[in-house]
Amino acid sequence: MDVARLGDRLRAICGREHVFADADRLRTYESDALGHLRELPALVCLPGTAAEVRDVVLALHEAGVPWVARGAGTGLSGGALPVADGVVIGLSRLRRILDVDLANGRVVAEPGVANLAVSAAVAPTHFYPPDPSSQVVCTVGGNVAENSGGAHCFKYGFTTNYVTGLEVVLPDAEVVTLGGSELDRPGLDLVGAFVGSEGTLGIATRITLRVVPVPETVRTLVAYFDTMEAAARTVSDIVASGAVPGAIEIMDRLSLRAAEEATGAGNPLDVGAALIVELDGPALECEARLEAVLGLLERNGARGSRVAADEAQRELIWRARKAAFAAMGRVAPSYYVQDSVIPRTRLAEVLGRIDELAAEYGFAVANVFHAGDGNLHPLVAYDATVPGQAERAEELSGEIVLACVEAGGSITGEHGVGVDKKRYMPAMFGDADLAAFQKLRCAFDPDQRANPGKVMPTPRLCGEVPGPYRRHPLEAAGVAERF
Amino acid sequence: MDVVTPASAAEAAEVLASGRTVRPRGGGTKWAWGGFADPEVALSTERLDRLLEHNAGDLTAVVQGGARLADVQRAFAEAGQMLALDPPCADATLGGIVAAADSGPLRHRYGAPRDLLLGMTVALSDGTVARAGGRVIKNVAGYDLAKLFAGSLGRLGTIAELVVRLHPRPPATATAVGETDDPAALARAALELASAPLELEALDVRWSAGRGVLLAQVGGVAAPARAEGAAALMSLDVTVHEDDAGLWAAQRDAQRSADGIVLRVAGLPAALEAVVAVAERTGGSLVGRAGIGTSWLRLPDAAAFEHACRELPPFPRAVVDGPVRDGVGEERDPALARLEQRVKARFDPAGALP
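These protein sequences, in sequence, are chains A and Y. In this note's numbering, each residue's number is its place in the first sequence (first place is 1) plus 123. In this note's numbering, each residue's number is its place in the second sequence (first place is 1) plus 2.
Since the hints were made in silico from the structure, they are not lab data. Accuracy of the hints is not assured; some may be wrong.
[To be verified] Chain Y is faced by these chain A residues, among others (derived, beta-carbon under 7 Å):
1) His-159
2) Leu-160
3) Ala-226
4) Asn-284
5) Asp-295
6) Val-299
7) Leu-311
8) Arg-467
9) Ala-471
10) Asn-498
11) Gly-531
12) Gly-532
13) Thr-535
14) Glu-537
15) Gly-539
[Said to hold, decoys possible] To spell it out: a stretch of chain A is covered by chain Y in this simulated footprint if at least three of its residues, at any positions, have a beta carbon under 8 Å from a beta carbon of chain Y; those stretches are:
16) 542–552
17) 565–579
[To be verified] Chain Y is nowhere near these chain A residues, computed Cβ spacing over 12 Å in every case:
18) Ala-127
19) Arg-134
20) Glu-153
21) Ala-186
22) Gly-187
23) Ala-243
24) Val-298
25) Val-335
26) Met-351
27) Leu-419
28) Arg-469
29) Ala-482
30) Glu-514
Using N, Cα and C, we set each Cβ at its ideal position, and we do this for glycine too.
Just need the whole structure built from these sequences, with the hints factored in.
Take a look at the structure:
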């Protein structure tokens with residue numbers, strides 16, 4: 124690849140100041156939030172419009188150069204890790220909200236718009252439910268690529284449940300509109316196929332999102348338990364009661380301690396687990412459910428609980444939870460975070476297994492997780508300055524992932540496969556499954572230049588479609604159209 | 003047309019790879035959808051009809067594609083749970099409902115079939131059986147092929163097995179019903195309720211012979227009181243019904259017609275008045291999901307159908323019932339058609355599927 128020549132062409136598209144190749148500036152883009160994986164790209168370009176994105180992709184297609192699209196770089200799976208000799212297409216300049224249609228509950232946004240900015244654009248009557256912890260900075264384009272979740276997806280679902288339409292630049296630079304504002308459209312659900320494809324099918328340049336009315340009431344409580352088992356049992360009882368809380372989160376002793384040191388939110392330190400339950404919805408429903416939940420807390424031996432009396436108290440409860448990752452720095456210099464999911468009914472059993480593994484490896488493992496949907500975020504604490512610890516911690520982390528898969532779960536609930544977890548894909552998917560994934564990939568990107576080396580455990584070729592496409596007799600006769 | 007009845011996903015894949023043209027068939031309630039000619043082989047899913055797992059504590063289930071929704075629903079109900087899908091047709095199978103992306107009034111709160119899928123096992127035309135997704139309610143590993151297959155009408159392969167998310171069945175429901183003969187008042191009330199924080203189970207409209215009805219169902223421990231609250235927001239002639247199953251069965255049933263023409267219009271909530279106006283002018287009737295925007299227009303004859311197709315706002319649409327198959331007046335983006343064709347060609351290179 125002639126980097127200088129490609130750089131010139133990209134500068135002609137994006138403007139001189141938006142394309143760079145010097146190592147200092149490239150370094151900003153060498154990793155995403157999974158900081159230990161790094162790679163310097165050959166070039167970074169920052170197009171400012173959808174048309175420029177299209178022209179950049181065309182230039183790269185013609186030059187045969189692989190590329191990686193990037194939002195805010197908050198991903199935790201190395202999904203935005205650059206490819207050596209490739210180009211990073213940063214979408215941070217595409218941050219306009221193009222349309223707000225409250226009557227129909229739709230927002231049209233460019234990919235670089237921050238997740239929280241969508242809710243801000245439709246406040247105070249509506250909001251955009253998917254709420255990853257990084258929502259202040261993470262972008263909706265990145266959310267689409269990763270099918271991001273958040274604390275509230277047990278009740279509200281994931282990004283994929285809120286994207287109705289996408290304008291996409293395909294890897295061959297063709298621009299195609301998938302879906303639209305309307306739901307229930309005939310035709311293949313290519314929006315559904317694109318969301319969560321981790322940047323391997325193209326770049327979304329215009330995203331239509333569904334927003335929903337803000338619930339009438341929110342009631343948030345935190346309760347403390349001597350043991351993790353009691354907290355987990357309480358979650359099962361709450362769900363069995365028919366309640367669908369907006370969020371149910373558990374923090375264990377270690378993460379509670381770290382978060383408390385960081386935030387001073389007022390959590391006790393001598394407990395085995397803290398349980399956060401947030402009920403939202405119509406006031407009549409919420410109050411009745413809250414009564415029932417308080418009864419279940421008591422029945423399961425909660426050592427104390429606090430129902431937030433106002434928004435400030437609610438913020439305080441959530442502050443400890445949302446700070447948990449960052450606060451781990453107070454417990455250990457480095458940590459390795461996983462994102463596995465288990466069937467919720469096997470929570471106690473799998474947590475026991477994690478404790479065993481942690482003891483075996485001699486590391487502390489903290490647990491902060493979305494208990495409603497069984498999405499664990501075990502944090503393996505280690506010291507990167509001690510030779511060999513990083514490798515051992517990663518190995519332990521992998522053992523935990525596999526224990527979750529064995530329990531019928533998944534290697535990733537919301538962070539994505541990226542580079543980090545692709546080696547675990549064979550634990551969940553067989554060869555025929557991966558081959559089916561590859562069919563989709565190849566339909567969109569036969570040259571595999573969009574974010575190569577992600578998702579799939581081993582590289583696979585696309586190959587030609589064997590034989591010419593045969594039209595269905597009915598189609599040939601003009602009786603029916605392909606939809 | 004031969005009918006074959008495989009007993010496993012692997013056997014189904016063999017049928018798809020046999021070299022003959024094949025279409026899957028469940029209850030046969032939507033066989034005409036898509037307007038395809040009969041294939042050489044109909045792949046009946048009648049022997050793939052089992053509920054394989056109901057994990058009540060996890061609110062998940064694993065179901066074979068040929069299982070009838072009504073049958074699995076009974077099993078879920080015993081645990082106070084439901085699969086939140088309520089399309090018309092008692093004989094419909096889960097695989098067929100998902101493949102056709104059909105839905106009923108509960109779509110308002112719980113989404114389309116695609117939104118309730120956690121994983122899927124499909125038989126493919128290369129003779130393989132592939133699995134996508136997982137068995138837990140949160141999972142982003144791998145491509146979301148379950149969504150690709152939902153609504154694909156059997157064109158990419160056959161749905162052999164589904165993993166679905168269940169929901170608690172509301173302990174009680176109640177429905178506020180508002181009536182009016184003014185389409186504008188009906189549309190206003192529908193929008194008002196759609197944007198209010200009522201957390202409705204369903205929000206439907208109905209229009210027939212100059213008379214409109216808005217139905218708002220609440221479910222939960224405080225259902226009747228909340229239904230009164232919804233009724234108060236309607237500014238229509240209102241009644242509240244606690245015994246409301248019949249009302250919703252009628253909404254569901256009106257999505258189909260044994261002898262008429264039914265056109266499904268993928269509209270938007272704010273366009274309801276325009277779609278009602280077309281129903282009124284063509285002598286047709288309508289049911290629809292007011293908060294979603296999708297309507298089913300029932301039209302008396304071919305002339306009314308053509309009239310409606312010309313006058314409707316440019317929303318995507320599909321014929322659900324009736325002999326009319328083309329001329330629905332939808333323009334296709336050629337770039338999208340090419341991409342769909344590329345996807346189709348990867349999954350069905352020999353063109354054995356519709």
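Please write out, lowest number first, the hints stated earlier that are contradicted by the structure. 1, 2, 5, 9, 24, 25 and 28
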